[in-house]
Amino acid sequence: MKIMVALKRVIDYAVKIRVKPDKSGVETNNVKMSMNPFCEIALEEALRIKESGLASEVIAVSMGPAQCVDTLRTGLAMGADRAIHVDTSSLLYPLSVAKLLKALVDAEKPGLLILGKQAIDDDCNQTGQMVAGLLKWPQGTFASKVVLDKEKQVATVDREVDGGLETLCLDLPAVITTDLRLNQPRYATLPNIMKAKSKVIKKVTPAELNVEIKSDLETVQVTEPPKRKAGVIVSSVDELIDKLKNEAHAI
Amino acid sequence: MSTIVMLRALRKPTSYVFSPYPSSHFASMSRFISTLILAEHEDGAIKPSSLSAVAAAGALSEGNSISMLLAGAGPSLQKAASHAASIHPSISQVLVADTNKLSHPLAEPWAELVHLVQQKDGYSHIIAASSSFGKNILPRAAALLDVSPITDVTEISGPQLFVRPIYAGNALCTVRYTGGDPCMLTIRSTSFPVPSISADSKSNAATISQVDLSTFSEDADRKSRYVKHTSQETERPDLGNARIVVTGGRGLKSAENFKLIEKLAEKLGAAVGATRAAVDSGYVPNELQVGQTGKIVAPDLYMAFGVSGAIQHLAGIRDSKVIVAVNRDADAPIFQVADYGLVADLFEVLPELLEKLPDKK
Numbered sequence: 001m002k003i004m005v006a007l008k009r010v011i012d013y014a015v016k017i018r019v020k021p022d023k024s025g026v027e028t029n030n031v032k033m034s035m036n037p038f039c040e041i042a043l044e045e046a047l048r049i050k051e052s053g054l055a056s057e058v059i060a061v062s063m064g065p066a067q068c069v070d071t072l073r074t075g076l077a078m079g080a081d082r083a084i085h086v087d088t089s090s091l092l093y094p095l096s097v098a099k100l101l102k103a104l105v106d107a108e109k110p111g112l113l114i115l116g117k118q119a120i121d122d123d124c125n126q127t128g129q130m131v132a133g134l135l136k137w138p139q140g141t142f143a144s145k146v147v148l149d150k151e152k153q154v155a156t157v158d159r160e161v162d163g164g165l166e167t168l169c170l171d172l173p174a175v176i177t178t179d180l181r182l183n184q185p186r187y188a189t190l191p192n193i194m195k196a197k198s199k200v201i202k203k204v205t206p207a208e209l210n211v212e213i214k215s216d217l218e219t220v221q222v223t224e225p226p227k228r229k230a231g232v233i234v235s236s237v238d239e240l241i242d243k244l245k246n247e248a249h250a251i
Numbered sequence: 001m002s003t004i005v006m007l008r009a010l011r012k013p014t015s016y017v018f019s020p021y022p023s024s025h026f027a028s029m030s031r032f033i034s035t036l037i038l039a040e041h042e043d044g045a046i047k048p049s050s051l052s053a054v055a056a057a058g059a060l061s062e063g064n065s066i067s068m069l070l071a072g073a074g075p076s077l078q079k080a081a082s083h084a085a086s087i088h089p090s091i092s093q094v095l096v097a098d099t100n101k102l103s104h105p106l107a108e109p110w111a112e113l114v115h116l117v118q119q120k121d122g123y124s125h126i127i128a129a130s131s132s133f134g135k136n137i138l139p140r141a142a143a144l145l146d147v148s149p150i151t152d153v154t155e156i157s158g159p160q161l162f163v164r165p166i167y168a169g170n171a172l173c174t175v176r177y178t179g180g181d182p183c184m185l186t187i188r189s190t191s192f193p194v195p196s197i198s199a200d201s202k203s204n205a206a207t208i209s210q211v212d213l214s215t216f217s218e219d220a221d222r223k224s225r226y227v228k229h230t231s232q233e234t235e236r237p238d239l240g241n242a243r244i245v246v247t248g249g250r251g252l253k254s255a256e257n258f259k260l261i262e263k264l265a266e267k268l269g270a271a272v273g274a275t276r277a278a279v280d281s282g283y284v285p286n287e288l289q290v291g292q293t294g295k296i297v298a299p300d301l302y303m304a305f306g307v308s309g310a311i312q313h314l315a316g317i318r319d320s321k322v323i324v325a326v327n328r329d330a331d332a333p334i335f336q337v338a339d340y341g342l343v344a345d346l347f348e349v350l351p352e353l354l355e356k357l358p359d360k361k
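Protein sequences appear in the order of chains C and X. Sequential numbering of the first sequence, starting at 1, is according to this note's numbering. Sequential numbering of the second sequence, starting at 1, is according to this note's numbering.
Hints listed in this document are in silico derivations from the structure and should not be mistaken for laboratory results. Glycine included, every Cβ here is placed at the ideal spot set by N, Cα and C. Careful, some of the hints might be misleading.
[Claimed, not checked] Okay, the calculated beta carbon distance ranges per label pair:
| # | chain 1 | residue 1 | chain 2 | residue 2 | range |
| --- | --- | --- | --- | --- | --- |
| 1 | X | 254 | C | 184 | 15 to 25 angstroms |
| 2 | C | 245 | X | 331 | 25 to 35 angstroms |
| 3 | X | 230 | C | 216 | 37 to 47 angstroms |
| 4 | C | 152 | X | 355 | 50 to 60 angstroms |
| 5 | X | 79 | C | 136 | 30 to 40 angstroms |
| 6 | X | 331 | C | 224 | 15 to 25 angstroms |
| 7 | C | 192 | X | 32 | 35 to 45 angstroms |
| 8 | C | 152 | X | 359 | 51 to 61 angstroms |
| 9 | C | 186 | X | 146 | 37 to 47 angstroms |
| 10 | C | 200 | X | 180 | 38 to 48 angstroms |
| 11 | X | 180 | C | 106 | 17 to 27 angstroms |
| 12 | C | 32 | X | 254 | 32 to 42 angstroms |
| 13 | C | 219 | X | 215 | 33 to 43 angstroms |
Go ahead and model the full structure; you've got the sequences and the hints to work with.
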């Protein structure tokens with residue numbers, strides 16, 4: 001069984017973002033970019049499944065401009081076997097990404113598609129669910145534990161839901177999206193980074209995949225959220241209780 | 001289109017909030033607005049987050065015809081349906097899908113149900129709350145309908161114009177939906193408070209009708225099966241809706257010490273929250289995590305103890321009315337958003353608070 005993992009290149013999670021003065025978006029020039037943290041977890045899970053002998057190959061895929069190759073190279077250094085880059089400068093919303101992923105799945109026929117539960121830039125939390133819908137595969141979203149049964153061809157997934165944990169059993173092939181708690185991603189070691197340089201990154205275009213990128217969303221503007229007004233530092237518990245009671249009327 | 005636009009304009013001049021940007025989508029804005037709400041129910045009652053979706057639907061336009069879709073099986077579903085029918089005067093119809101295939105909220109049959117209902121009734125909008133239920137199901141249903149959904153809407157500026165936070169709430173993005181029907185949204189419940197309903201509105205009950213499931217695909221639920229649900233039983237209020245939230249971070253140092261937070265929460269009638277660090281260290285279960293990847297809260301009072309205030313945590317609390325921070329480190333970022341900060345050792349502050357705060361109840 002092959003496993004396909006979708007990776008997204010985003011602004012590094014630790015960066016304090018800046019909104020462009022013309023309100024057209026967020027400044028990405030000269031800003032540190034990294035692999036989306038949830039995608040790292042997705043790749044780590046795929047690698048662990050392969051290492052336990054339940055999968056033969058891990059394919060990393062990413063879509064977007066040329067720099068996505070860096071993200072794929074990081075994925076290869078972590079241990080992915082090969083990579084596919086869907087090269088496009090078009091603005092991609094999750095619906096288009098899901099269609100591109102479906103085309104890649106149709107071509108590669110993996111038994112499992114793993115994605116992060118959300119990208120930390122658009123915070124959409126949609127792509128995995130959408131590609132599962134397009135493929136008519138079952139979905140295990142917000143997974144914190146995945147157990148594969150090769151014989152029965154099922155995956156048992158613990159999902160992080162609002163009231164606690166939910167356990168589902170999915171027939172393979174299936175789509176899984178990862179929550180933070182699923183695993184601790186590994187670091188790429190220097191020898192593996194060197195090895196990754198000789199691994200193959202295949203480049204395809206949306207046209208070659210027969211996917212038309214069109215959008216039914218338009219970003220009107222991006223603004224900064226309202227600032228909270230400056231607070232006060234109190235000196236004692238008594239003062240705090242007094243302020244909460246008589247100034248904020250919160251207790 | 002002009003007739004409808006004029007009629008609507010005459011009826012209620014405030015129905016539309018046009019953006020200052022030129023739009024080529026007047027045609028789409030003149031459509032008749034009808035909304036389907038995907039509702040969650042528990043113990044025979046509609047969940048509060050689904051009622052927030054009703055408030056959001058009300059913000060789409062005046063005179064919006066709202067239908068609520070419920071699914072499940074058995075008497076608890078029927079009870080929830082009658083609850084839905086009388087809970088809000090603007091709900092005109094309650095659709096009930098009564099089948100064992102939907103006794104658990106699995107995404108596969110639910111998405112198919114939404115597809116089925118939309119094919120038949122052609123809603124202009126479909127809304128669910130941004131709960132784990134809504135986030136799991138709505139995008140899948142959107143893909144089946146070939147439309148782009150919009151996640152976690154915090155403000156509705158027009159029938160096709162929405163504001164949503166991006167980058168962990170560090171930017172607000174206004175998006176216009178330009179596609180065909182339906183426009184699909186998940187809404188952030190804390191941004192759409194449910195107005196209190198007067199008792200006499202009960203006379204205005206909605207009709208309850210069963211969804212025709214004869215064309216519901218047989219294998220819709222076979223590919224995924226519900227196994228079990230585990231949760232911590234708690235007497236405390238639900239984190240998402242609590243009026244006061246008391247949160248502990250890494251500064252608590254142990255699960256044992258975290259009990260101090262729980263004691264304070266009990267005293268205040270508050271819900272307990274935690275940072276990622278506290279959850280990762282095993283002080284409390286995951287479901288208490290507040291932040292970009294956990295719960296988003298907006299209580300009247302948010303009290304943070306031993307919380308540094310990472311970007312990802314602030315994403316979950318920035319809409320709280322009053323934020324209190326207690327931390328030993330005067331440079332902790334949490335103090336930049338706190339209304340009241342106390343630079344002190346939380347192990348001294350917590351017992352003192354417990355002693356001096358008046359008892360709730």
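Status of the hints after comparison with the structure:
1. X:254 / C:184: 15 to 25 angstroms: holds (21 angstroms)
2. C:245 / X:331: 25 to 35 angstroms: Holds - the Cβ-Cβ distance for residue 245 of chain C and residue 331 of chain X, about 28 angstroms, lies within 25 to 35 angstroms.
3. X:230 / C:216: 37 to 47 angstroms: holds (39 angstroms)
4. C:152 / X:355: 50 to 60 angstroms: This hint holds: roughly 58 angstroms between Cβ atoms.
5. X:79 / C:136: 30 to 40 angstroms: holds (33 angstroms)
6. X:331 / C:224: 15 to 25 angstroms: holds (23 angstroms)
7. C:192 / X:32: 35 to 45 angstroms: violated (58 angstroms)
8. C:152 / X:359: 51 to 61 angstroms: Holds: the Cβ-Cβ distance is about 55 angstroms, inside 51 to 61 angstroms.
9. C:186 / X:146: 37 to 47 angstroms: holds (38 angstroms)
10. C:200 / X:180: 38 to 48 angstroms: holds (40 angstroms)
11. X:180 / C:106: 17 to 27 angstroms: At roughly 25 angstroms between Cβ atoms, residue 106 of chain C and residue 180 of chain X fall inside 17 to 27 angstroms, so the hint holds.
12. C:32 / X:254: 32 to 42 angstroms: Taking Cβ atoms as reference, residue 32 of chain C and residue 254 of chain X lie about 35 angstroms apart, which means the hint holds.
13. C:219 / X:215: 33 to 43 angstroms: holds (38 angstroms)
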